[in-house]
Amino acid sequence: MIAFLPTLAEPHQFSLGERLVFLALAALSVYFFWRRFGPILNRIWQSKKDPDFHLRPVGRRVWDFVWEVMLQAKVIRERPLAGIAHALVFWAFCAFALVTLNHCATIFGLGFVDPAGRLGRLYFYFAAVFAVGCAVAIAGLFVRRFLVRPKWLGELSWESGLIALLIFLLMATYLAAFFVANASALRALWWAHTLTLLAFLPLIPHTKHLHLVLSPFTVFLSRGGFSRIPPLSGDEDFGLVAGKDLTRIVSLQAYSCVECGRCTEHCPANNTGKILNPKEIVLGLRGYLNEFGPGSDQLLLGKYESQEAVFACTTCGACEFQCPVGIEHVPMIVGLRRGAVNTGAWDDDHGAKFFLALERGSNALGMSAAERDKFVEKNALPIFDGTQEYCLWLGCMGGYDPRGREIVVALVRVMRHLGVTFGVLRKEKCTGDPVRRLGNDLLFQQLAEANLEALAQFKTRKIISICPHCVRTIQEDWKEFGAPPEVEHHSEFLARFASKLTPVQSQEKIVFHDPCYLGRYRGVYDQPRKIAALAGELVEAPRSRERSFCCGAGGGLAFLGEEKGERVSHVRAAELAATGAGVVAAACPFCNTMFRDALAFQASESRPGAPAPELLDIAQIAARGLPEN
Amino acid sequence: MKIVVAIKQVPERDAPVRIAANAKWIEERDLAWAMNEPDAYALEEALQLKEKLGGEVIVLSAGPERVGSTIREALAKGADRAIHIVCDDLAGGAGGGLRNLDALSVAKLLAAATKPESPDLVLTGLQSEDLGLGQTGVILAELLGLPHATLILHVEKTDAGIKAKRELEEGWFQSIEMPLPAVLTMQSGGTKLRYATLMGIKRAKTKELRVLNAAELSVGAPPVLVLDQIALPRKQKSTQILGGSPKEAAATLVDKLKTEARVL
Ligand code: SF4
Ligand code: SF4
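Protein chains in written order, with this note's numbering: chain A, 1 to 629; chain B, 1 to 264.
Chain B stretches covered by chain A per the calculated footprint, using a threshold of three residues with CB under 8 Å from any CB of chain A:
#1 8-20
#2 187-196
#3 200-208
Residues from chain A shown here face chain B by an in silico Cβ test under 10 Å; the list is partial:
#4 D235
#5 E236
#6 G239
#7 T343
#8 G344
#9 W346
#10 D347
#11 G351
#12 E359
#13 R360
#14 G361
#15 S362
#16 L442
In case anyone wonders, no lab produced these hints; they're calculated from the structure.
Backbone N, C-alpha and C fix where the C-beta goes; we use that ideal spot for every residue, glycine too.
With these hints in hand, go ahead and build the complete structure from the sequences.
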């Protein structure tokens, strides 16, 4: 059947003059490409080596590459329409690799795919299908960018328009060659395609289309692990202080950003009027590298990065989760904080008081350790001595905060009911989560080491905690200083025993809020829902699971005083209340405190008269149906 | 300006304090230690003066080996060098530190180490958080033969010497001028403390730490004051039912509030 379709036509003879012109233009094109791309590559290469980089496990890298680059899964999943359009363009580019090589070879009579041959016809039609898809897609993307104009794409850029036009021309000139028979028209078409190609090449490194070349590497070479904070190395590493601290991975990522704005679109800080814009953090590093280069002593916080912005981040990880080219924002932001805090450059009243309280005391709330003792005594919590199955980690919120304590008490009731043995440490210090994210490595190390020592004393094997921040910090961040015991969040524990729990069924709808550190950081979405669903009908907030919107407390911000602009917690609480649910289920004591105030505010100010939904931790939901004592 | 800051290591504020078996001191095992808070303010004031005027900040501390961690903390926060007067032996063995010394003996040790430095200014906290005698700094001034002022919140350099802000009762302040060299004992809260940083700790490793042996300082004379016994305050709760008619009961209540509870 394919035989009845038109055949791709190519001009047959090229004069020597044409060949020379082609060679000259091609050389020029490559020259302009390299003149820009060479220095970029050099800046990436001259950056500091990543001390903890390992190519292994390669399997994961290959999988990420196939999934995110070849299949464009992330691009499509997060923005389906634009994502598919992008994928069509990308796949067409892949299909065109051979077409383009063959196209250039024909001028020297070296064409290696015969358009009339069986295989050749098949291949050119294959490419033609992609060319049609690509032409439609790029036209669609053009309309979106220049007519629909979603605000996340930022200012209109003529470059994008030009690139779209060139891509469209490439496809059109390819497809037209199937229908042209006239020799001079064919020649004109060949040249049109060639010139478009040669114009396109130098544009790549001059525009955000640099990601065409870099992002496959960025995805393949990513640091690995979600929002992983790399260890410092040597006596002169204090985080990202100046250009000399930028590592190759950071620089590669800085040059890979396609300015799509997905990170900003999902950033809770940016959405509530803070000056933080994760995209600008990345582009700031790029700007810095362009001006000062990777070896510079010029401080990073200054012309290109703002200290206020960096300290407005909740480390929720929404940006990093969304980024289609694998940029890891949280290590960058925390890196810049480390640079400021580890050198003492960060001067913030709340921050300094908070650090001092933890230098001298044991907990993030700045209370006397005796308060925890009293709580332990009053509730007759057994002391962990190594014989019990679980070490119940109270954490600062569970040990000192009234709401956090209620959650612990509820969990303890459930554990006792299930006959699971547990004990609490006699002395416990803050895991160091907030100071870790604020960039205070000295304090973090002291806290991690003290805790690891206390746990090792009793050969602790399993820890359970009500706080996703504690879980994350113990499991991942402590690794730098020792081998932490296995740790799990109480939602994981409770879900395992779900069949033995029968909380009171209410007629109410329940909405579960995914804590950032449980969801995106740990990938735990279903377990807490399983518990919440025991007590009523589960409904979902518009932004849930991977897309959950932060409560505003993470990254140490809970301890830094009043936010500027709108409160993140208020925005999220309004969203949760708007689902019409009677119960908001939380699984993190920080979310819990944030929402308690925010829901009360909701009820009193923005929706007066409407009853505030009840706020419960999943442990409290699980405990509700237990027989009294 | 050359400034000596005398600091003391005290039990961390949260530390569970238990009385030792012989009731002469607290049980020191398992205790966590920290810099005496008013001394931390003295150090901060010294560092700020240095940042403004240049010069040198030398920390000075007397105590057993464990004091080293507090000295390192002071170096990490920005002091230039340190002197540690090790006085385990004077304490009669077994990790006693300063407990067998009275304020005079400690001040003598500090004075002996300070004198050869001939500093422009000596700063120390107005009292320690453990014993709270509030005398060491003042005696030190006397031994050095220098003028002193107490309860200082803030110090400024003037042409003739310094201007210092003293805290008085009920929110009153006093501003005084005095010549240098001088000794000041600092009150907490006059300024913002800085937090310790990783860079500070790393830099501190290369700073000079001179160790002096208390015995070698030969300050002579045994303590004139000896700590005999310590005890926890006795908690007392008592309930009295006041009888009689309401009028009589009210009168007795007023009387008791005045004479016994002394709240009226
Ligand atoms: S981690 Fe969250 S708050 Fe921080 S920049 Fe990314 S999206 Fe914004
Ligand atoms: S950092 Fe990633 S998500 Fe953000 S604009 Fe750049 S490419 Fe898009």
